[in-house]
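Engineer: Please put together the full structure from these sequences, using the hints given.
2 protein chains.
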Amino acid sequence: MGRWEPDARGRLAKAALELYGERGYEQTTVAEIARRAGLTERTFFRHYADKREVLFGGPPPSLQDLFVRAIVEAPPATTPIDALALGLDAASEMFVDRRDFARKRQAVITANAELQERELIKLASMSAALADALRARGVPEPAASLTAEAGVAVFKVGFERWVAPGEQREMAPLMRESLDALKAVTAGGQAP
Amino acid sequence: MGRWEPDARGRLAKAALELYGERGYEQTTVAEIARRAGLTERTFFRHYADKREVLFGGPPPSLQDLFVRAIVEAPPATTPIDALALGLDAASEMFVDRRDFARKRQAVITANAELQERELIKLASMSAALADALRARGVPEPAASLTAEAGVAVFKVGFERWVAPGEQREMAPLMRESLDALKAVTAGGQAP
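Respectively, the protein sequence lines represent chains A and B. Using UniProt numbering, the letters of the first sequence map in sequence onto residues 1 to 192. Using UniProt numbering, the letters of the second sequence map in sequence onto residues 1 to 192.
In case anyone wonders, no lab produced these hints; they're calculated from the structure. Hints should not be assumed to be uniformly reliable.
Since the list gives no way to pick out one identical chain from another, each pair is judged satisfied if it fits inside one copy or across any two copies.
[What the hints assert, rightly or not] With a Cα cut of at most 25 Å, we get these calculated BS3-like pairs of lysine-lysine:
no.	residue 1	residue 2
1	Lys-14	Lys-104
2	Lys-183	Lys-156
3	Lys-156	Lys-122
4	Lys-14	Lys-51
5	Lys-104	Lys-156
6	Lys-156	Lys-14
7	Lys-156	Lys-51
As the structure is a computational prediction, the values presented were derived from the model and not from experiment.
Structural biologist: Take a look at the structure:
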């Protein structure tokens, strides 16, 4: 191990996002990211496996871990949809004060088909983990899978609203609002 | 154009699925598929761009087209969720008598990460198209995107049930049942 670099991980992430934004994700090398951050490539690889992991590998606990844990730890009598709401709250907490980073990250991902695929895989994996957690609570199929898919749908739509230009509300209320909108729609609301 | 081959497209699809199942998707070549079907490579390429398109490129109209069209053509007063139900019905129609093919296709896709990604992209694209169709009907955001995501979630879960071993019910009632299960869950049902 080399000497300790204060917040090397955060500096690398910041440098990477700047460069992805300036020159494009494909055109940026790990060497350039390390140089911009004032660190060595070796330090980069102590924190991230590759340049894609800067976008997808946050420090633990992951979004999925937080989401799942909230569902696992919900009081026994909690309905599936209320357990989901607790999961969305927990997921939202990790994004507090991270909107600027999230917006830059989103712009990089939107510009690159391979990264969009990676994002879809991440969400599919989250859905499978949520369904597992719900089944472990005794929720039968297909309710468990449908609740999990609904959770990912609400997260996706709520996240898009949260990173939208000009949006200033925090993530948690936007997630709750999206969940309420889904409830209203499935109850037959929003007639034209 | 070469001479007309009776049901060349169907014979190629059948041969491809057999070979993907026997040797694996990666190990199968277009030449082998054509040979097994008793046709030429040239005939293969008149029907499919590559061996992946056998799994993803059905003849028009596509699943997405049928799903979207049903939503576009739903009577004006139809609620978003009822328009979605009409879309699921229309989507189900194209799978009548295709369960054997769908099961073999599913087994190939499940065994291959790249094909699973392609499937996720196809579903994400379908969700975007459904949201467009709902917005065109005057459904506001975030209701349009959430209804679209819910539609894809129900389709995904309903489809998995339909191809499950031993399942004999038709797709349309399984989709309706999945949609009803989603409605029940979002209404606070399925308490443990």
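Engineer: With identical chains treated as interchangeable, where does the CA-CA distance between Lys-156 and Lys-14 reach 25 Å or less: within a copy, between copies, both, or neither?
Structural biologist: within (24 Å within a copy, 37 Å between copies)
Engineer: Using 25 Å as the alpha carbon limit, work out where Lys-156 and Lys-51 are close: within a copy, between copies, both or neither.
Structural biologist: within (23 Å within a copy, 32 Å between copies)
Engineer: If the cut is 25 Å between Cα atoms, do Lys-104 and Lys-156 qualify within a copy, between copies, both or neither?
Structural biologist: within (17 Å within a copy, 31 Å between copies)
Engineer: Given a CA cutoff of 25 Å, do Lys-14 and Lys-104 count as a within-copy pair, a between-copy pair, both, or neither?
Structural biologist: Classified as within: same-chain Cα gap 10 Å, cross-chain 46 Å, threshold 25 Å.
Engineer: For Lys-156 and Lys-122, with the copy left unspecified, which applies at a CA distance of at most 25 Å: within, between, both, or neither?
Structural biologist: both (11 Å within a copy, 17 Å between copies)
Engineer: When no copy is specified for Lys-14 and Lys-51, does a C-alpha distance of 25 Å or less occur within a copy, between copies, both, or neither?
Structural biologist: within (12 Å within a copy, 41 Å between copies)
Engineer: First find the shortest C-alpha distance between Lys-183 and Lys-156 inside one copy, then the shortest across copies, and answer within, between, both or neither for a cut-off of 25 Å.
Structural biologist: Both ways: Lys-183 and Lys-156 sit 16 Å apart in one copy and 19 Å across, limit 25 Å.
Going down the numbered hints, you'll see the structure goes against none, and every one checks out.
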